[in-house]
Amino acid sequence: MAKLSVEWINPFIEAAEEIMDTVAMLKLKRGKLELRENSTVAYDVSGIIGITGEAVGSIALSFPKKTAIAAVSNFIGEEVLGIDSDTTDAIGELTNMVAGRAKKIFSERNVKLKISTPNVVVGKNHTIVSPKGTPSIVIPFESDAGELAIQVALKPAV
Amino acid sequence: MKIITVDDSSTMRRIIKNTLKRIGYGDEILEAGDGKEALDVLANNSVDLIITDWNMPVMDGLTFVKHIRADSKFDDTPIIMVTTEAAKEDIITALKAGVNNYIVKPFTPDVLKDKIDTVLGKKD
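Chains as they are written, first to last, in the numbering used here: chain A, 1 to 158; chain B, 1 to 124.
Be careful, since some hints might not be right.
Partial chain A-side listing against chain B, Cβ under 10 Å, derived [said to hold, decoys possible]:
id: 1; residue: V72
id: 2; residue: S85
id: 3; residue: R101
Everything labelled a hint here was simulated from the structure, so no lab data went into it.
The C-beta atom is built at its ideal place from N, Cα and C for all residues, glycine as well.
Produce the entire structure from the sequences given, and follow the hints as far as they go.
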């Protein structure tokens with residue numbers, strides 16, 4: 001896996017679909033992948049995890065408020081009403097689970113990655129800027145609770 | 001049964017606490033947000049079981065486990081690591097550091113009960 005290709009992206013898609021289904025009870029329907037230099041997400045809350053090892057970059061899980069509330073309510077088994085500290089913590093943990101699952105899939109392909117602890121960004125139409133020279137691939141999803149997207153900004157380590 | 005759950009995510013601590021209560025291990029549950037905070041809590045408390053995350057700020061779970069295993073007070077205290085770090089080499093690293101058993105998030109209540117019963121010697 002010498003360059004950014006579908007092989008780098010598919011583990012994150014697989015992980016997101018699996019974790020969101022089993023933990024947040026959202027069946028995801030994948031939309032069309034988009035390659036962007038800098039990714040602007042017109043959503044309200046994003047969990048972001050840094051990646052190092054044989055590839056360097058980040059993965060972000062981004063939600064509109066409505067989808068975030070539904071996902072977190074399902075995840076913790078209690079209804080949440082808005083984006084508060086408990087909601088952002090849960091979004092961070094969902095992102096952590098997706099990154100961890102993807103890391104395991106890469107490991108099975110003999111690609112070793114390390115993941116950071118999650119950060120969560122809240123704000124309408126916020127922008128996640130990739131490092132210069134690191135392309136960002138956005139994968140939108142639809143679910144019964146609304147839209148969400150993952151963004152993978154990754155390049156092979158030198 | 002006194003248990004400490006160590007995780008930087010308040011959500012995960014809440015889920016683990018609720019799950020422990022559901023499976024009959026909810027008598028007394030202490031909490032800490034990272035390894036260092038857990039060492040501070042354990043300086044004044046003994047516990048029957050430690051459940052810790054790996055990936056935490058300040059002091060990660062692996063460093064925390066090494067500190068615990070270096071303390072004669074906690075030589076025999078069972079440790080279960082509950083984390084997303086599911087790669088095979090990570091599991092080996094955790095076991096070598098002194099973790100008794102390992103659960104990959106997400107997990108079901110049955111899996112947590114099974115792992116606890118195993119480390120407490122309640123099943124083969």
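- If any of the earlier hints don't hold here, list their numbers in rising order. none
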